[in-house]
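Position chain W against the provided structure of chain D, taking the given hints into account.
First to last, the protein sequences are chains D and W.
Quick note on numbering: numbering that gives the first Met the number 0 labels position 94 of the first sequence as 93, and the sequence is numbered without any gaps.
Quick note on numbering: numbering that gives the first Met the number 0 labels position 52 of the second sequence as 51, and the sequence is numbered without any gaps.
Any given hint could be a false lead.
[As the list claims (entries may be wrong)] Keeping only pairs whose Cα atoms sit at most 25 Å apart, straight-line, the calculated SDA-like set for lysine to any residue is:
{"hint": "1", "chain 1": "D", "residue 1": "K70", "chain 2": "W", "residue 2": "V125"}
{"hint": "2", "chain 1": "D", "residue 1": "K70", "chain 2": "D", "residue 2": "D118"}
{"hint": "3", "chain 1": "D", "residue 1": "K95", "chain 2": "W", "residue 2": "V108"}
{"hint": "4", "chain 1": "D", "residue 1": "K133", "chain 2": "D", "residue 2": "I107"}
{"hint": "5", "chain 1": "D", "residue 1": "K136", "chain 2": "W", "residue 2": "Q122"}
{"hint": "6", "chain 1": "D", "residue 1": "K71", "chain 2": "D", "residue 2": "G22"}
{"hint": "7", "chain 1": "D", "residue 1": "K51", "chain 2": "W", "residue 2": "A72"}
Quick caveat, the hints were computed from the structure, so don't treat them as lab data.
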Amino acid sequence: MKQILLFIITLLATVSPLRAQDGLATNQAFQGGIVPREELVEVKVKGQPIRKYDLTLYHSIQFQADGVQQKKVEALVETDQKTAIGSEVTFRNTRKTTILQLPARANINRFLCYICEPDKVTLVYMEGHVKNIKQLKKAINDNH
Amino acid sequence: MNTTEDIRILIDRFFDGDTTLKEEQRLYEFFQGPVPADLEELRPVFQGFAHLGQKQEERPKSVSFTRRKTWAAVAAVVAVALGTGIWLKEARQMSIRHFPHPTLCEAFVYGQHITDSTEVMNQVAVTLQALTPDPGITDVDNQLKTIFTE
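Extracted from the complex, chain D is given alone in its bound form:
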């Protein structure tokens, strides 16, 4: 009986790759909690297309955001930042970029990125075998 339960639990854990985002405060934004999904540009990529970045999962949303909406997203990112094991914040002109390394799950490293521009917000959730933010950026640079 235990084995059956374990099998079912393992199966559920592997069925949807996006379940790994469960538990993140920013998941609210990914699910249309800030702006409806019809007003988002949402990208989901898994597997071979992003293997060159040493990633296994890429999930991003981008939307036009006013000041109030941006503050809401910032608050969600700050909540997730509390559990992050690494972070990097950079500013370039009017763009603020926050990259968080979240605690790994099942030996898969996780990252959450937040790009805030004057009237646009981008959130990116990634999973993969890159070890840290530095390696993530190197993998991205090496492929551009």
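Leaving out everything else, chain W in the frame of chain D:
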């Protein structure tokens, strides 16, 4: 009652179909040896029956052999099925090792579903580039820029 009397009674019961297997065996064994003259004419009859009885004893062996063949066939099928299952599992494990995740590549642009992988990956590339410093600029350069432009 002496033995010959017993035999005569058994013969009568035999032809009435009332004898047990043990009693029939006794009759067959009796007619293999010397018999009274008045029973001699029955010798070929009982020897014939004895011969038939041996054939009947052999029949279970052939049935047993058939059963063994059947079980062997069943075991072979099970072994092939198990072997195939194990092979398929190993192949799937290898597939998972080499291709750990199934491919998904899609976008939803204001509700419109986009599955063109080129279009989707272009979007990914643009976003990822926004996360990183410009190529060719070292971290030190970027940090200096950041410091002096804040």
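Hints, verified against the model:
no.: 1; hint: D/K70 to W/V125; result: 24 Å, holds
no.: 2; hint: D/K70 to D/D118; result: 12 Å, holds
no.: 3; hint: D/K95 to W/V108; result: 24 Å, holds
no.: 4; hint: D/K133 to D/I107; result: 16 Å, holds
no.: 5; hint: D/K136 to W/Q122; result: 17 Å, holds
no.: 6; hint: D/K71 to D/G22; result: 17 Å, holds
no.: 7; hint: D/K51 to W/A72; result: 51 Å, violated
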